[in-house]
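Asker: Generate the whole structure from the sequences, applying the supplied hints.
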Amino acid sequence: MHKEIADFLNQKVSGAEAKALEAEVGQSSVVVKAEHILKVCEALKDSDEHQFNVLQVISGVDFPEGIGEQKEGVIEVNYMIASFIKNTELILKIRVPRGDDENLPKVDSVCGVWKAADWQERECYDLVGIDFIGHPDLRRILNVYDWKGHPLRKDYVVQETYQGMTVYPPDKRNDPEMAFVGEQNRLNDEAKAAAKKAKAEAKGESS
Amino acid sequence: MDSTENETKVNGKDQEKVKSELLTINMGPQHPATHGVLRVEIKTDSEIVSEAIPHIGYLHRCFEKHCENIDYRGNLPFCDRMDYLAAMNMELGYCLAVEKMIGTEVPRRAEYIRVMVSELQRVASHLLFFGTYAIDLGAFTPFLYAFQERETILRLFEELSGARLLYNYVWIGGVWNDIKDEQLLRIKKFCDKMDGELEKYWTLVGHNKIFVERTANVGIMDTEMCYNYGATGPILRGSGVEWDLRKKRPYSIYEELDFEIPVGEGEKGTVGDCWDRFSVRMQEMKESLKIIRQCLDGIEEGPIMGKVSKVLKLPKGEIYMRTECPRGELGYHIVSDGGKVPYRVKAKSSCFTHTSMLPEVAPGQLIADFVATIGSVDIVLGEVDR
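As you go down the protein sequences, you meet chains L and W in turn.
My numbering puts the first sequence at residues 35 to 241.
My numbering puts the second sequence at residues 779 to 1164.
One thing to keep in mind: the hints can contain errors.
When the alpha-carbon atoms are kept at most 30 angstroms apart in a straight line, the in silico DSBU-like pairs for lysine-lysine are as follows [said to hold, decoys possible]:
no. : chain 1 : residue 1 : chain 2 : residue 2
1   : W       : LYS1085   : L       : LYS37
2   : L       : LYS79     : W       : LYS878
3   : W       : LYS1064   : L       : LYS127
4   : W       : LYS1085   : W       : LYS843
5   : W       : LYS1091   : L       : LYS105
6   : L       : LYS79     : L       : LYS140
7   : W       : LYS1118   : L       : LYS188
8   : W       : LYS1094   : L       : LYS127
9   : W       : LYS1064   : L       : LYS120
10  : W       : LYS1085   : L       : LYS127
11  : W       : LYS1068   : W       : LYS1046
12  : L       : LYS67     : L       : LYS105
13  : L       : LYS79     : W       : LYS1025
14  : W       : LYS1118   : W       : LYS1085
15  : W       : LYS1094   : L       : LYS67
16  : L       : LYS188    : W       : LYS1094
17  : L       : LYS206    : W       : LYS1118
18  : L       : LYS67     : W       : LYS843
19  : W       : LYS1091   : L       : LYS188
20  : L       : LYS105    : L       : LYS127
21  : W       : LYS1118   : W       : LYS1094
22  : L       : LYS37     : L       : LYS73
23  : W       : LYS878    : W       : LYS1085
24  : L       : LYS140    : W       : LYS843
25  : L       : LYS149    : W       : LYS843
26  : L       : LYS105    : W       : LYS843
27  : W       : LYS966    : W       : LYS978
28  : L       : LYS149    : W       : LYS1025
29  : W       : LYS1068   : L       : LYS120
30  : W       : LYS843    : L       : LYS188
31  : W       : LYS821    : W       : LYS958
The following label-pair restraints were derived from C-beta to C-beta distances [to be verified]:
no. : chain 1 : residue 1 : chain 2 : residue 2 : range
32  : W       : GLU1045   : L       : VAL59     : 45 to 55 angstroms
33  : L       : TYR202    : W       : GLY1117   : 24 to 34 angstroms
34  : W       : LEU1074   : L       : VAL59     : 30 to 40 angstroms
35  : W       : ASN847    : L       : LEU221    : 25 to 35 angstroms
36  : L       : THR122    : W       : GLY1142   : 30 to 40 angstroms
Worth flagging that the hints you see were computed from the coordinates, not collected in a lab.
Note that CB positions come from ideal geometry on N, CA and C, so glycine has one too.
Answerer: Have a look at this one:
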């Protein structure tokens, strides 16, 4: 099925360079070039033999070390589309260079094709850091609106302060060496008792 | 901001010009009718909503980032905290996704227990919807009726798994604890009692004149809109589309079971209104009881855990697995690079897509109708924010 879709896309959208990635374990997918994603989505939705009328989820995956032969960092954006009329589903992939917090990678928004893309692309922008061109209202959705950084990137370091509050104060961190409160009290009492006993013995010996 | 200046004449004399503008008001995040911490910013023109903007993220607990640091078995308790009212279905989806990648065979007894437990959880979740929806509209008594029935289910789950709401019961390869014959008998008695109770709920609430007038022709979501937004579950079925993953893309042992898919028909108003979604959920409870009875008849003896290696490593690849939960379709996209810890886990939650439909349904409704619409969409903020 993925081979037919790749051939159909190569025929319909010139320059898309659709390739079917057949996998022995797990699910196969079709990868296309990132610049033509809007035309590819329109072709898949409007075609009579496929009729992919539902966009389920957009999932962004960060590969800082690259995929396969490519060694530069890429972000892979997966579009899970399905046809509720023909009862099929497809994973459509594009790969964009990673960029960093100042210049985010740019991808065309598919909001005009499926309205579901609205909130899905906002989540992708918020968590993975991809700038969708043509989105009606691109702002963060799960994090606070003035948060810095994109948490699901592999090199994300949380910010030190947020509006004057410390984000990860050292006294609230989980320390594997630290015991719980009751246990700590018991250890303190034992240490005190042991110190008292040692002092009493030293006094008894000297006197 | 919009503002209109009206001239009023009293006794033939010109009064001062009355300026009216839209009032921006916050519904939530602490609000009894938004089912959790959801903040909806509505611009109202007296009592009519002209624009509604939902703001979410108040319950974001970084589920996806946690999953990248903890191994496959350890991620299970995080999964059932997403939609905490339908925890068994959340765990089942994750276990099915992982089992498909490694190719384990789940023993028959475990399959029957899993389906029985998922359907009981569906009944419990829909009972809670019934109780809270009635409370949203002002009827306080059905809530207690629903919770009385729900107690039987939660007590059974507590005996099986140790907890009433967040179970960690469905494990990769099977289930954790076996079910006894005496508990199966109690489930049978519950099913028989529940049929009678459902009739009572229809008479008291479903066909009640006040309830019908408040929910018929309110919050209409037609098929085109549902497909465009990717709505699934009772919302899509309430709009007349016969789409249920348990029949169309069956998983586990659903192929062998016999049940029907209820669809909204516009009996009291138009197709796709709030009453249709309510009626679909009530009929789904009846179908779930049918499934549970078939499982009770067909359950076999045997082991409850399949063969899974001690150190679980998935082969390199990815998978996207969809299951049918009480609120819609749940999807898990798991990317693995061959190690002990998943590379990326993405949970597609139905409530997230359903909340994005609110800005399109809201304009033109009264605020009371908007409350009825939010209630009929049945969102749980744990799944929206993850």
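Asker: Just pull the numbers of the violated hints for me, sorted ascending.
Answerer: Checked against the structure, the hints that fail are numbers 1, 3, 10, 31, while the rest are satisfied.
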